[in-house]
Structure formats: C-alpha cells, structure tokens
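Student: Sequence:
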Amino acid sequence: SGNFNYALDSILDANGNIVVAGYKRNEIDTDLLIKYFDSSDLNEMTYLTPSGLETSNKNEIIQNIAIQTDGKLLFIGSSISSKDSAIEIIRLNSDGSIDNGFGINGKVSINNENYWETGNDIVALDSGNILLAGTQNTGSQANFFISQLDPNGAVDTTFGDNGSIVVDFGNSSDFAKSMIVQDDGSIIVVGFSDYGDGPASQKTNNFAMVRILKDGSLDESFGEAGYVITDFGDSDYANDVALQSDGKLLIA
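Residue numbers (my numbering): 1 to 252.
One should not assume that every hint holds.
Cβ-Cβ distance ranges computed for the label pairs, FRET-style [unchecked claim]:
no. : residue 1 : residue 2 : range
1   : Leu42     : Asp150    : 34 to 42 Å
2   : Asn105    : Ala225    : 40 to 48 Å
3   : Asn105    : Leu8      : 20 to 28 Å
4   : Gly16     : Asp184    : 25 to 33 Å
5   : Asp126    : Ser82     : 36 to 44 Å
6   : Ile18     : Ser221    : 39 to 47 Å
7   : Glu224    : Phe37     : 24 to 32 Å
8   : Thr49     : Asp150    : 24 to 32 Å
9   : Asp41     : Ser97     : 19 to 27 Å
10  : Asn112    : Thr230    : 24 to 32 Å
11  : Gly185    : Gly71     : 43 to 51 Å
12  : Ala225    : Ser40     : 18 to 26 Å
13  : Asp84     : Gly170    : 20 to 28 Å
20 Å max Cα-Cα, derived EDC-like pairs, lysine to aspartate or glutamate [claimed, not checked]:
no. : residue 1 : residue 2
14  : Lys248    : Asp234
15  : Lys24     : Asp41
16  : Lys72     : Asp41
17  : Lys24     : Asp70
18  : Lys72     : Asp150
19  : Lys24     : Glu44
20  : Lys214    : Asp194
Derived from the structure by calculation, the hints contain no laboratory data. Cβ coordinates follow ideal geometry from the N, Cα and C atoms, glycine included.
All chains should be modelled from the sequences, with the hints used to inform the complete structure.
Tutor: Given below as structure tokens:
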C-alpha cells in the first residue's frame, strides 16, 4: 500500500522556485501531482501545494508546464475514466493558488463527444492566448489535435475549425507530443505516426511533423502539402522540439 509519485515535467516559477508536476498513484487511481521546492536548498514548500484539483474515480496526469508573462503557471494533461478521456488544463497564480478566473474553478476540460482526447503540450503566447497539443482518438485511429484558448480559458473559435484543428496523416494513427511557436507565429507540432500501408500489427512508427499557421490552418507550403514523415528504420518516436537561433528545428 502507499502512494507513488511520478514527475513528468518541471519549471522555474516567477519567484525562482522549482515546480514539479506529474501524477501520484494510490490503490484506486492516479491523481494530479504538483509540488513546489525551494531552489536554494531543495526543501519542499508544502504550503504552496494546491488542493481541491483531484477528481475521484478518474486517472489524472499532468504532462507539461508553461509559464505566462504574468507569472501564472499552466499545466496540461489528461483525465481518464472508463467512459472517456479529456484534455485537462489548470492555471495557478504566481503565489501557487488556484486561478479561479480560469475556466471553472481554475480548470478547463476539453472532451469532444465520441472521442478520447489526451493533452501533451502547452504554450503560453504573448497575446495571452494559450495553445495546446495532444491526441484525439476515435477508438480505431488517433490524430494530432491542436487547439487555442483565450486568456480566460474559453475555446478561441477563430482558430482553426471552431477552435481546433485535427491533423490526420492518412492511413495511420498519429500522436502529437510537443510543439513550438516560430517567430512568425507558425506552430510546429511533432510526434509520431504509423503512416503507411498494411495491417497495424506490421507497421512501425516514424517521426511526424506538421506546421500550423497562426490562424489554425495547415501550412501546405511546409514539407509535402504540410506534412513531414521521417523514417530512420525500425520505430522512431519524436517527443520534443526546439528552435535554434538560426530558425532551424531540433527534434528528439
């Protein structure tokens, strides 16, 4: 018996504290994990640990953290039950308290009917808007899912198709893992895809990448009609992307 804690991302907050997020496993399910540590001595700052974010009878996980220009922190992950899976975004104030002005009591859930959705990456834009990337699963096929929220956590319906864009590489299951915003506002999203012919049991995964324009449409001038698939042999998984000072992309 007992709890097990798993850290999946960390960041320095506006006060120089180390913030770690992931999930904690108990005997029934998994709950969100957010912990603060003093960067000078690495002691846990338990008084900053937010409470009231967990939902019973669901498996919840945080995958990524971003910091806004005002010091508020954004956390993205998933909330999974036996019936569905939703993308979950949480915002905390710079003092560690829940930002009740964001979504409903500091939390936004995105769950389109008949789909299982998971959240993997989040970017805070200088405009105050919030980009998120993850995967939308129909049960038989998964696709990249990218959406934009306004500063209060409402879906920005001017982005993409009523607030989001779903990217399907073709006869494949596609999983978005990370994204970065270029200087012109274009969005690079990377992950992996089992694109190709043949039964799923015989397919291997390849690096997959797309570029989305800042209005949420696919940039068809990028790669091959907007898509890039790279096969290094065997199975290849892209999990992160970074932008060099010369504009080139690093993908790992």
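Student: For each hint given before, does the structure comply? Return the numbers of the non-compliant ones in rising order.
Tutor: Going through the list in order, the structure violates hints 7, 11, 12, 14, 15, 16, 17, 20 and respects the others.
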